[in-house]
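Participant: In case you want the letters, here they are:
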Amino acid sequence: MTFTDFDFLFRFLPVFLFVYYLAPAVVRIYVLIAGSYFFYALFDIRFCLILLLLSLWNYALVGLVRRGNRRAFAAGVTVDVASLVLAKAFGAVGGPAWMPVGMSFYVFRMLFFLADGYRGKMKKEPTLPDSLAFFCLFPQLLSGPIMRYADFERSSAFREPAEATGWRRRLRNIFVRLENGLTWLIFGMAAKVLLADHLRSLWNALYGIGYESLSTPLAWLGVYTYSMELYYDFWGYSLMAAGVGVMIGLPMIENFRQPYAAGGVSEFYRRWHVTLGDFFRENVYIPLGGSRNGWLKTVRNLGIVWLLTGLWHGITVNFLFWAGAVLFMILMERELKDRRSRLLHLVGRLHVLVGIPLTWLMFAVSDTERLSAYFQRLFPIREAVGTVYDGDFLKYVSAYGIYLFFSLVFMIPSVYHYFERHRRTPAVTAGLTALFVLCLISLARAGGNPFLYLQF
Amino acid sequence: MRFVNACPLLLVTVVSATLYAFTGFRLPEREPADEIPTVREETVPEMPEELALAASDPLQSDLRGADDEMDLSAEAEQTEERIDPVAEQEQPEDGQPVEEEESGPDPEPVPPYADLSFAEVDASFFDDALFIGDSRTVGLSEYCEELDERATFYAKISLTVKKALDLEFVKTEEGRKSIDTLLDENDYGKIYVMLGLNEIGSGTAESFREDYRVMIDRIREKQPDAVIVIQGIMHVTKNKSNNDRSFNNPRINSRNEAIAGLQDARAGIYYIDPNEAFDDEEHHLTASLSFDDVHLKAASYGLWYEFLRQHGLVRNTEETDVTGNDL
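As you go down the protein sequences, you meet chains A and B in turn.
At position 206 of the first sequence the residue is numbered 206 (the working numbering), and the sequence of numbers has no breaks.
At position 237 of the second sequence the residue is numbered 693 (the working numbering), and the sequence of numbers has no breaks.
Derived by calculation from the structure, the hints in this document are not laboratory data.
Careful, some of the hints might be misleading.
What the hints assert, rightly or not - Derived pair list, reagent style SDA-like, types lysine to any residue, alpha-carbon separation capped at 20 Å:
| no. | chain 1 | residue 1 | chain 2 | residue 2 |
| --- | --- | --- | --- | --- |
| 1 | A | Lys88 | A | Leu49 |
| 2 | B | Lys612 | A | Ala261 |
| 3 | B | Lys612 | B | Asp636 |
| 4 | B | Lys627 | A | Leu394 |
| 5 | A | Lys395 | B | Lys612 |
| 6 | A | Lys395 | B | Glu624 |
| 7 | A | Lys395 | B | Gly480 |
| 8 | A | Lys395 | B | Thr628 |
| 9 | B | Lys694 | A | Tyr207 |
| 10 | B | Lys696 | A | Tyr207 |
| 11 | A | Lys297 | B | Lys627 |
| 12 | B | Lys696 | A | Asn204 |
| 13 | A | Lys88 | A | Leu53 |
| 14 | B | Lys612 | A | Tyr400 |
| 15 | B | Lys627 | A | Val397 |
| 16 | B | Lys612 | A | Gly391 |
| 17 | B | Lys627 | A | Leu53 |
| 18 | B | Lys612 | A | Phe8 |
| 19 | B | Lys612 | A | Leu53 |
| 20 | A | Lys395 | B | Lys627 |
| 21 | B | Lys627 | A | Asp390 |
| 22 | A | Lys395 | B | Ser614 |
| 23 | A | Lys395 | B | Thr608 |
| 24 | A | Lys395 | B | Asp636 |
| 25 | A | Lys395 | B | Val626 |
| 26 | B | Lys627 | A | Gly401 |
| 27 | B | Lys612 | A | Asn204 |
All values derive from a computational prediction rather than experimental measurement.
Just chain A, with the same shape it has in the complex:
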């Protein structure tokens, strides 16, 4: 059950919210735990067990860790990392059924939890229900964002001093929260359903043709299509997760900050999947010494960070290519930074607008042979091996033009900022309502059919 399932949107979520807000504030955390485990059990009940065991383990250690016990901290990190690595290894051997859904995200939340405890970034010692709830939060269970415990601590939902303010006030608070969360939820849903899903069908079409038979313009279109698909899919998902989070009283977690407006790759990755970037920066890069110990160590530290990031995404060789290419661009920018700011400006933009999309291609195509076939079509030094249809670019641009156009429009930072600032105005509300209806139509037409966009 994902966020775009009707069963989630119209059954699970409303029922959950109803029970959640009907319950007194002190009980809500238990409703949240029960609801989240129910949500997770719909995937596989065994996954719940793993999550529960790991949650209890991290909770058991956090007290010691907060008091600066190194051994407890090391033990916690070791078990967390080992279980993730094991699950990934099993997943690679035994197929996806072995890798619990969302595990890499909740394990990272646990690691961050211990690290924040160790560094004294927790105000109070977490209670058992707090820890359980924090690790299993259903809006963030599947694909993040990797929220930090400090954000969870400051969320007001289950400890509001509501009794003092009277029921009218409380009700109003709840409705404001729900309405607020819905704006993010709907915006994210539109990005995912209306843009990403359609872009993906274009990307799938290229896959079906065979990369060796793409015309060069179509191959480039494919690179940008996939880049935008990935962006809208993940950004849309993150906004939906954040929106549901806001609805239950968590703070808004921003996971993407208009990355394609960045002036360079380093900046891009401070704006892309922000919570993962924060995790690696605070827990790997800075503890290793960051960039303060000379050129060589900086390169080493960046290398470690990107190697880990690559491995986190998957243990196939293409993720290493991907990480390597990103690292290369980051290092190049560092070299230019001190000397030539003008050139840096140009190179940085080129990296973001051409380099990054090409790295996404390495991210997308796990088969090295196919990846190489794709690159040969992008840079057609040699004649195409397969048959190429010269009209393919026009064909797909006219078929998907509208999605490509709006995908480009929503890349413009000011478009999103306008929405962000005016999202409670009648005009934007009307727009969101229209988007919501469009999403529903699009999803209803899919009707559980994975081939909605891939008709024969």
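Start from chain A and add chain B according to the hints.
Facilitator: Just chain B, lined up with the frame of chain A:
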């Protein structure tokens, strides 16, 4: 009213959730069964399906009562009735007296499309060919230049047998036209059809065959001299077939068996099964020919063309040359 002002989106979603609870969002679409192969199993209700068809088209009901094998004989009787009106239409144009046909066993009255046999042909065979089909035929037109330069293609993604002739999708200089209209305006020597995958999730093999027959009859009416070639629906790969309740090869095979029964050499309707060119040993689409498990990858379309070339339709007489066109 204050609530509406304060929480408009909440209102919208609550309304949607309520609607969903009552309707499940099964929107009345144009023809949902065709476009969306629903998860509902259509295999069980064979009886009602037939009854419904019989009710809608009582004249044909006798044909459907029998098995496929039985149908062949019924079909033979049926076609003779069917040829007659065609022959009658032709005669005024040919200027040939009616009596001649009835008077003797001359080979002359045999229509140009009848009783041909399969043989290898060269590319010019397809100069007067028309291809009707779904995305797979679209792929053939795109990735087989040699064929595309010669033949005409009226193909469209997600095309179905039911809608093929009436949907106005072919771009012409005068706007979009239906195949039905275009068959009035142009003459074709050979008409190749491959359709059926998009409706594989709906109806039964029998109802599919019936729809197919109606379509072929309509084509025949507009193109009295054309050779009509029904191509079996191309298989999907083993991976796809084993994991899909609708798009699987047993289903495709049962549909192919059903439409193979429509072949009738005397009426100029032939059946060929291109799957023999694409299948692996287990009779699935060979995995290496496809990336998406359903369509040939671009580089594989040459095989299809080669198969068509090996299975041209020619008359077994001396005056036939390899193109088969001078008849």
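Participant: Against each hint, give a clear statement of whether it holds in the structure.
Facilitator: Results for each hint:
1. Only pairs whose Cα atoms come within 20 Å are accepted, and lysine 88(A) paired with leucine 49(A) is accepted, the gap being roughly 17 Å.
2. Between lysine 612(B) and alanine 261(A) the alpha-carbon distance is near 39 Å, which puts this suggested pair outside the 20 Å criterion.
3. Taking the CA atoms of lysine 612(B) and aspartate 636(B), the gap is near 15 Å; set against the 20 Å cutoff, the hint holds.
4. A distance of roughly 15 Å separates the Cα atoms of lysine 627(B) and leucine 394(A); the hinted pair therefore holds under the 20 Å criterion.
5. A distance of roughly 12 Å separates the Cα atoms of lysine 395(A) and lysine 612(B); the hinted pair therefore holds under the 20 Å criterion.
6. Using a Cα cut-off of 20 Å, the hinted pair lysine 395(A) and glutamate 624(B) holds, with the two alpha carbons roughly 18 Å apart.
7. The suggested pairing of lysine 395(A) with glycine 480(B) is violated, with an alpha-carbon distance near 35 Å, which exceeds 20 Å.
8. For the proposed pair lysine 395(A) and threonine 628(B), the alpha carbon gap of about 16 Å is at most 20 Å, so the pair holds.
9. For the hint pairing lysine 694(B) with tyrosine 207(A), the CA-to-CA distance comes to about 18 Å; that is within 20 Å, so the pair holds.
10. The suggested pairing of lysine 696(B) with tyrosine 207(A) holds, with an alpha-carbon distance near 16 Å, which does not exceed 20 Å.
11. Distance check on the hinted pair: lysine 297(A) and lysine 627(B) sit about 63 Å apart at the alpha-carbon level, beyond 20 Å; violated.
12. Proximity of lysine 696(B) to asparagine 204(A) is assessed by CA-CA distance (about 15 Å); at most 20 Å being required, the pair is judged to hold.
13. Under the criterion of a C-alpha separation no larger than 20 Å, the hint pairing lysine 88(A) with leucine 53(A) is consistent with the structure, at around 18 Å.
14. A distance of roughly 16 Å separates the Cα atoms of lysine 612(B) and tyrosine 400(A); the hinted pair therefore holds under the 20 Å criterion.
15. For the proposed pair lysine 627(B) and valine 397(A), the alpha carbon gap of about 17 Å is at most 20 Å, so the pair holds.
16. Pair hint lysine 612(B) plus glycine 391(A) holds up; C-alpha atoms about 15 Å apart against a cutoff of 20 Å.
17. Using a Cα cut-off of 20 Å, the hinted pair lysine 627(B) and leucine 53(A) is violated, with the two alpha carbons roughly 62 Å apart.
18. Between lysine 612(B) and phenylalanine 8(A), the direct Cα distance comes to roughly 35 Å. Violation of the 20 Å bound is thereby established for this hinted pair.
19. At roughly 54 Å between alpha-carbon atoms, lysine 612(B) and leucine 53(A) are farther apart than 20 Å, so this suggested pair is violated.
20. Between lysine 395(A) and lysine 627(B) the CA atoms are separated by roughly 13 Å; this keeps the pair inside 20 Å, and the hint holds.
21. Under the criterion of a C-alpha separation no larger than 20 Å, the hint pairing lysine 627(B) with aspartate 390(A) is consistent with the structure, at around 19 Å.
22. Using a Cα cut-off of 20 Å, the hinted pair lysine 395(A) and serine 614(B) holds, with the two alpha carbons roughly 16 Å apart.
23. Straight-line distance between C-alpha atoms of lysine 395(A) and threonine 608(B) comes to about 18 Å, which keeps the hinted pair within the 20 Å bound.
24. The straight-line distance between the Cα atoms of lysine 395(A) and aspartate 636(B) is roughly 24 Å, outside the 20 Å bound, and the hint therefore fails.
25. A distance of roughly 14 Å separates the Cα atoms of lysine 395(A) and valine 626(B); the hinted pair therefore holds under the 20 Å criterion.
26. For the hint linking lysine 627(B) to glycine 401(A), the alpha-carbon distance of about 19 Å falls within 20 Å, and the restraint holds.
27. Distance restraint check for lysine 612(B) and asparagine 204(A): the Cα-Cα separation of roughly 18 Å lies within the 20 Å cut-off, and the hinted pair is therefore satisfied.
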